[in-house]
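K.L.:
Once you've looked at the hints, dock chain B against the given chain A.
Chains as they are written, first to last, in numbering that gives the first Met the number 0: chain A, 0 to 339; chain B, 0 to 277.
There's no promise every hint is true.
[Stated by the list, open to error] From the structure, some residues in chain A lie toward chain B, with a derived Cβ separation under 8 Å:
| no. | residue |
| --- | --- |
| 1 | N91 |
| 2 | N101 |
| 3 | P103 |
Hints were generated in silico from the structure; no laboratory data involved.
Note that CB positions come from ideal geometry on N, CA and C, so glycine has one too.
As a plain string of letters, each chain reads:
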Amino acid sequence: MIEVRGLSKRYGEKLAVNNLSFDVVPGKVTGFLGPNGAGKTTTMRLMLGLDYPNAGTVTIDGKKYASMAYPMREVGALLDAKAVHGGRSAYNHLLCLAQTNNLPKRRVGEVLDLVGLADVARKRTKGFSLGMSQRLGIAGTLLGDPKVLMFDEPVNGLDPEGILWIRNFMKALAAEGRTVFVSSHLMSEMEHTADQLIVIGRGQLLAECTMEEFIARSSGQTVRVATPQPDVLIKAVAEAGGSAVSSADGALVVSGLVAAQVGDIAFEHGVRLHELTVVRASLEAAFMELTADSVEYRGAENEQGQPGQGQPGHAQAGQGQSPAQEQLVAQGQHGSEGGI
Amino acid sequence: MAAVTTRQAPVLPPPSGRAGFGGTLRSEFTKIRSVRSTYWTLLVLLVISVGIGAAICAGTAANWDQASAADRATFDATQVSIAGLFFLGQLVIVVFGAMVLTAEYSTGMIRTSLTAMPRRVTVYAAKALVFAIVALVVTLVAAFIAFFLGQALLSSTHASATLSGHDVLRAVIGSALYVTLCGLFAFAAGAILRHTAATITSIIGLLFVIPILAHLLPSSWYNDVARWLPDSAGAAISATVGPQDAHLFSPWGQFTVFAVYTAILLIVGGVLFLRRDA
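So here's chain A without its partners, still in its complex pose (with noise of 0.2 Å):
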């Protein structure tokens, strides 16, 4: 169990990190998700010692990570592949690693074969490409034969091929019994792999819920009916206790029914249908509402409100917070397992 609480860290003007507080769940995949510059890797660096907070504390198992006998056999960390002396081959990179926590040997060479770079072990990493780089940082972080691994984008700028390799080398973890830990900023790339999340914007929480939880509340489920009758239909949803807006293009869309009732209640009125489609929010479409107000870096448009003044998202986000953000916000305090 990871227990980050109050994490603040402020680089000059900057709050990158803002009274950050959550739980990373023993034996899971937890997604640690966020737009570019809502302070993902500050947050892993914070939670690593590499920075210091300004406030708050992090502990994994009850421990800080600098306080631990042998931290490479607690935890797993890996913010950056490319963080390694390129003129080093990758197994003396790894046997230095190793040696830190007075590691075997033999265990470099086992990492190195668990995550298929032992052809190229005497190679220097200088020339690997970033594919050959995560796999070495995630060799590197298996040496230990840790409880907890974290990490930071791993898949950010791979081909397909090398991240389905992270994926399913993360499932393949997580079912050992691992927890695991990983940024990133794309939605898409959690929706198959993480079982928990944690949204953060601006260096604060938006979101800590089930991957299901984060679904139920937000791809906001919607029926896009055609008709040549639609203010009959119209009607006939309101009291039915839905309602239907119409779109753009002349067709409705009704929420707060399901497609078999708009399709009953239009039948018992005679209205005509000619389409009848139910409509499903992306979970990208939802992580972008809900991070829509955080978002770091917009167009010129919307420059109000930046960090640099030092105000709290929330107080922006009172105004302009989407229903979904506000739902699991309140959700994200009670902590993870509340009804719905």
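P.N.:
Frame of chain A, contents of chain B only:
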């Protein structure tokens, strides 16, 4: 990929104790021996230390007949033979020392290192110690080779020195120690500045340019400050002939002045290494 498993039996022996200085020392030694730049740098150090010393000695021997009696009386065969080490070898070791930390910052490796071993004082001390040991071994080798080769080349002058000579061993070993100390000085500056070019420029300014500028001072002023200049240690420790400069401390006293400078810089570098974000 379905069969992927990250655990192979037996995975790891059960942990005992705590990751500490010993493991980090081994790790830092692996780091220093596993990059080519180490070998290139140390090879350059050996070649120029031995080569320049040999060139000066050979030139001196060839021109010995023309040397005046006064020149012959003050000729310091030991100092001349190891001059390459404490003039130019010093420059090489400064670059080497600076790079120990700044190369980790420029590649980003420092974040990987501190993730593996988050106890920073341990990392800093292990880095400094491994560097000091490697630098001392190589400079001692360079000093002794330069000394013996130089004396062999000077043998025709009958003014050559032997290790048993007055202060000779002190000069040879002391020069290696002084050059190693210069490297540690640069290592500490690297911890403070965290940038290779900035570190090397600053160190060359402190160790080489300031002494040159100091020589431009009126001699009465220079005599007052000479004992506090970093390069005086090198000059004093490598000399074996003639009276001790009255404005300087003893050779080891002069060495201590520079050692204290280095210690102060190492402490400042260590505190910053500990306190700053990586």
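K.L.:
To test your reading of the hints: which numbers does this structure violate?
P.N.:
The structure breaks none of the hints.
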